[in-house]
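What follows is each chain in one-letter form.
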Amino acid sequence: MDGVHDLGGLDGFGPVEHATSEPLFDEDWERRAFRLMIGWIAAQNPSGGRFRHSIERMAPEHYLSSPYYEHWLTGAATMAVEAGVTTQDELDRRAGGHFPLSHPDRGVLPDDLTPRTTPRFAVGDEVRVRQWHPPGHTRAPRYVQGRRGTVVRIDGAHSIDDIEAHGGGSVADPVYSVRFTSRELWGEAGADGDVMHVDLFERYLEEPR
Amino acid sequence: MTGAPLDDASLPRDNGELVFEAPWQARALALAVALVDKLDLPWEVFRLRLMAEIAKDPQRPYYESWGAALESMVVDLDLTTPAALDAAAPTERAPL
Amino acid sequence: MTTDHHHPAELAPVEARVAAIESVLVEKGIIDTDALDAIVQHFETNLGPMNGAKVVARAWTDPAYKERLLSDGTAAIKELGFEGPEGEYMVVVENTPKVHNLVVCTLCSCYPWPTLGLPPKWYKAPAYRSRAIREPRKLLAEMGTDIPADVEIRVQDSSAEARYLVLPMRPEGTDDMSEEQLAAIVTRDSMIGVQRL
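Residue numbers (our numbering), protein chains in the order written: chain A, 1 to 209; chain B, 1001 to 1096; chain C, 2001 to 2197.
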């Protein structure tokens, strides 16, 4: 989905608030949110994509205005409601107020679920990223869609998240590291001497035209 | 969450369905940590055993080498015997 | 998920929301908080950049190990006993006088847990995720790291399975240091790429 989580290249977020070290959790609720998400994953075994997508589906303003572990809290609670373990009403009641959850999952499976284990492209090949824009989970960031790059590494076939996140099981697809120049991605705002390497599934890629 | 590359032969399957083992992977981790903590051992002790198990079979998934390292640790610490481990029936899956 | 329009207007505090979902999951027997505490403690104590630092120090002192590390990061890192979730497919990228690597996850917060532990707040926040991929040189300068114009900045977006560890250049004047002493000078930020040693 073209969600607000897809942050690469967006303006306006200001300086990085960097610290060289920090505690893992600022507050106790964060540690508990982490703990319950780990427990959910251990017990229910959602795929990584399904878990990530539960967070991507948060209302944009909620996503941007909440601390990181509130994303985990919201994703876990959303998955629990969708699994029938609890309901919005029960959560509101127990929390003593509104418990915002993520928006519904609009992901769809492609017609072709054929696994591919033999890479189609080789190191050195030029590729273009399709204008993919799926309604559900993907690992093709918006900033590379439609852009042209060079394959620099092949990582073998892995389960493509776009399919696994929406109940399609583990479908193998080769993964490539693709090198893009800054100018290709950011146009006149790009810089010579900067390059971006992005890891992309084969289904996102096509021959350049 | 998978990470290792797949080929058709390496995908674990059960009657054509993929088998995931996350609950007991997490359990192996929880047991290792709890045991090390209970015995007042530094984590390094477990890590060294883990290194030895990985060296024996570098291709095995991490949760299997964890399990093997745990077993060797509890045997060497005289907490149980290999025969007792073999004989232990699988327990009911308890919540983690 | 719901289309219920009658939910209470006031947002419950986050602590209350955590307690609410936790109580549901405990009552339904889905989670056991005591057992899970052992796992959280593992993340707090046993995972962290001190692990990655050992990998770097070994690579600096053992050329054959370095070669293995760069050709198969997962296997070489496993040799030191570092493996587990979010470390199943490791790629180690080497900084050189001509190339400086910077690691980001623009889409979420992917990070190599077994070697670096859990990611810091700033790595997961929108400012870093949006800017590292677009204006890395300026961002690094703001963070106190000046990369000369003739050095390529290579930003790795961890968008699929690979998790990245930067192998920083060994600083000058460290020839007499032992592997253990070297590990002590390798920082987390140098293994993400926002700092040079």
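Calculated from the structure, these hints are not laboratory results.
Being a predicted model, the structure only gives us computed values, none of them experimental.
Idealized CB from N, CA, C, for every residue including glycine.
Take the hints with a grain of salt, since some may be wrong.
As the list claims (entries may be wrong) - Quick partial rundown of chain B residues pointing at chain C, CB under 8 angstroms, derived from the structure:
1. A1028
2. L1029
3. A1034
4. L1041
5. W1043
6. L1048
7. L1050
8. M1051
9. I1054
10. K1056
11. P1058
12. Y1062
Verification of the supplied hints:
no. : hint  : verdict
1   : A1028 : violated (10 angstroms)
2   : L1029 : holds (6 angstroms)
3   : A1034 : holds (5 angstroms)
4   : L1041 : violated (12 angstroms)
5   : W1043 : holds (5 angstroms)
6   : L1048 : holds (7 angstroms)
7   : L1050 : holds (4 angstroms)
8   : M1051 : holds (4 angstroms)
9   : I1054 : holds (5 angstroms)
10  : K1056 : violated (12 angstroms)
11  : P1058 : holds (6 angstroms)
12  : Y1062 : holds (4 angstroms)
Violation of the numbered hints given earlier is confined to hints 1, 4, 10; the remaining hints are satisfied by the structure.
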